[in-house]
Amino acid sequence: MKVIYILSILLFSVQSFAQAPKTKSNAFNPDIGINMLFLDQHSKRDKSGDGMKLQEAELQFSSDVDAYFTAKALFSVAEENGSYGIEPEETYVETISVPYVTLRLGKSKMPLGKHNQLHSHAFPFINAPLINTTILGEEGLNETGIGVSTLSPLPWFSEITLDYTQGDNADLFNSGKKSDKAVIGRFKNLWDLSDSTTLELGFSGAKGKNSDHLDTNLYGADLTLKWRPIDGGKYHSFEWGNEFLEKDRKGAANGKLSGLVSFLKYQMAQRWYAQYRYDYLGLNKSKSINASKRHTALVAFVPSEFSSVRLQYETINDGQVEDESRVSLQLNISIGAHPAHAY
Amino acid sequence: MNRLYKIYSLILVSVFCLNAHAKLNVMTTTTNLKSVVESIGGDKVHVESFCKGTQDPHYIEAKPSYTLKAAKADLLVSIGLDLEIGWLPLIIRGARNPKLRAGNVGSFVTGEYIDTLEKPKAGISRAEGDVHPEGNPHFMLDPQNALVVAEKLKEKLKIMDPENSDQYESNFKKFEDQLKAKLVNWEKRVKAGKKVITYHKTLTYFYHRFGIKNVSLLEPKPGVPPSASHILDVMKNAKDEGVKLVLVENYFDPTVANRVARDVDGLKVDIVPVSVGGEPNITNLFDLYERLVSSVEER
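If you read the protein sequences in the order shown, they are chains A and B. If you number the first sequence the way this note's numbering does, the last residue is 798 and the count never jumps. If you number the second sequence the way this note's numbering does, the last residue is 347 and the count never jumps.
Some hints could be false.
Below 35 Å or equal to it, Euclidean Cα-Cα: the simulated DSBU-like pairs (lysine-lysine) are [to be verified]:
| hint | chain 1 | residue 1 | chain 2 | residue 2 |
| --- | --- | --- | --- | --- |
| 1 | B | Lys-120 | A | Lys-479 |
| 2 | B | Lys-100 | A | Lys-681 |
| 3 | B | Lys-242 | A | Lys-681 |
No lab work stands behind these hints: they were computed from the structure.
Build the full structure now, drawing on both the sequences and the hints.
And the structure:
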């Protein structure tokens with residue numbers, strides 16, 4: 456009922472700016488793209504994920520629906536517990552004819568920090584930060600609902616996004632009562648420090664009811680510095696990214712957990728990158744959970760925008776007798792239409 | 049939750065304000081297009097370019113600050129032909145300014161009016177490198193194409209801002225006369241059949257207009273950096289054909305070109321701008337064409 460209310464406000468307020476072009480019949484086919492991630496992994500301690508495998512394949516379809524909406528569907532194919540499955544990672548529509556705001560309806564990655572919104576093929580490293588996998592889950596925070604985003608009236612780039620969702624995340628929300636919803640929000644700011652340098656500062660939060668019928672609150676902050684010179688920008692650049700995430704899940708014994716990640720990505724030459732990442736999980740001194748620290752180093756060869764080969768080494772100190780260490784080699788390719796990645 | 053819906057609807061319904069503005073706010077994707085808009089629009093338009101004169105327009109990043117500029121634009125002038133496909137759609141989406149979407153009133157895709165060169169034959173694939181399915185997008189480097197774009201732009205501005213139609217007409221006439229006169233001079237100075245080597249296929253249209261023969265490309269395929277064996281092939285070609293000039297577009301690394309020139313007698317390297325603003329004293333298209341002509345003319 457409430458969704459119909461929103462939609463009718465939308466449609467009655469919209470002016471159509473479209474002029475229809477003349478095209479052939481199959482010109483309306485969606486843009487199709489496929490990403491494939493192949494992995495060869497060797498671990499010291501936990502060898503269950505080792506060996507050569509298809510890490511993930513992503514099938515992306517996108518197209519304008521009509522004068523009012525554009526649609527995107529991304530299906531992820533991956534192995535879980537010995538068998539392959541295909542899951543809708545993101546399936547949503549966005550408004551295109553409403554000025555000033557974007558409404559997004561469907562299932563999508565939530566705007567909680569920066570990394571949570573990335574698809575696997577766009578991860579800066581072969582795996583996700585510890586704060587993301589531990590606090591939000593292996594699939595990240597992915598919910599179904601309605602989101603609205605708009606540029607704020609501030610004189611710099613400042614975007615506010617608010618999502619009203621069903622709250623299905625198994626650990627964080629999922630209270631069992633369908634009337635319990637989860638709300639997620641992000642306030643993203645970006646400044647051009649110069650023609651070659653940008654600074655992004657974001658604040659995120661989420662709130663919903665968990666299976667103990669109590670509140671789960673999430674707080675996040677992110678800071679990113681990027682540099683690419685105007686002259687010779689093809690050959691050198693760097694990115695320094697930082698994220699902080701805290702969960703406060705009431706009702707669970709170790710419901711309070713927080714951590715951070717900081718990484719540096721340096722472009723050494725047109726097709727070569729050197730990267731380092733530091734993860735820390737367990738900023739709240741918990742007596743029963745050990746803090747985890749991870750160092751990751753990565754070298755990437757990127758022959759074109761559509762392929763890359765990455766070699767990664769990580770060591771994890773999680774308070775166990777033996778530290779975990781892992782070497783991974785990944786081939787990351789894409790074919791077909793490939794929408795640009797967000798900045 | 050009810051209050052949230054009321055706030056949502058209030059925002060949606062109240063944002064539709066028509067703003068009266070003195071100048072048309074125009075954004076272009078390249079500085080070459082910006083130069084045309086400046087010439088035809090004059091003081092009736094405010095124009096900025098996303099891409100700078102030293103940047104390769106294929107690969108710039110869709111910075112959110114560009115989104116802010118697009119949000120305020122009345123008109124977006126782009127090349128099309130998939131040149132900006134890696135970043136422009138993101139900017140338009142983030143701007144939430146539906147006028148600017150392709151096919152709508154605020155979108156002017158100049159490539160649609162041009163007879164492109166180097167249209168690939170059937171069965172195009174990325175194995176051939178970074179190829180454009182609809183032809184080479186660097187058409188602004190032929191002064192005649194700049195004239196075509198200027199005329200279509202004049203018509204577009206007249207529709208968007210009919211009050212200033214006369215001004216746009218007279219600006220166009222001035223631009224046309226100036227360009228035609230300079231073209232006569234440029235054509236006299238460039239020797240048809242002159243042989244050159246270039247890094248990337250950016251200058252195809254310039255060569256086509258002035259009858260210059262591009263003997264070799266330093267890139268084995270578009271977007272692929274030169275390999276050792278390919279460089280040897282290029283050197284051999286340069287010697288066999290008696291090439292005296294290597295042109296490297298200013299967003300590429302000239303190291304390879306310099307290496308080739310060291311090994312071939314009489315071969316000179318010139319790092320050339322291919323966009324307005326690519327060098328400090330290139331302030332408009334006439335300056336740019338003049339710079340390219342003086343690079344290839346025999347002196």
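Here's how the hints hold up against the structure:
Distance hint between Lys-120(B) and Lys-479(A) is fulfilled; the C-alpha atoms sit about 34 Å from each other, no more than 35 Å. The suggested pairing of Lys-100(B) with Lys-681(A) holds, with an alpha-carbon distance near 18 Å, which does not exceed 35 Å. Using a Cα cut-off of 35 Å, the hinted pair Lys-242(B) and Lys-681(A) is violated, with the two alpha carbons roughly 43 Å apart.
Violated hints amount to a single one, hint 3; each of the other numbered hints is respected by the structure.
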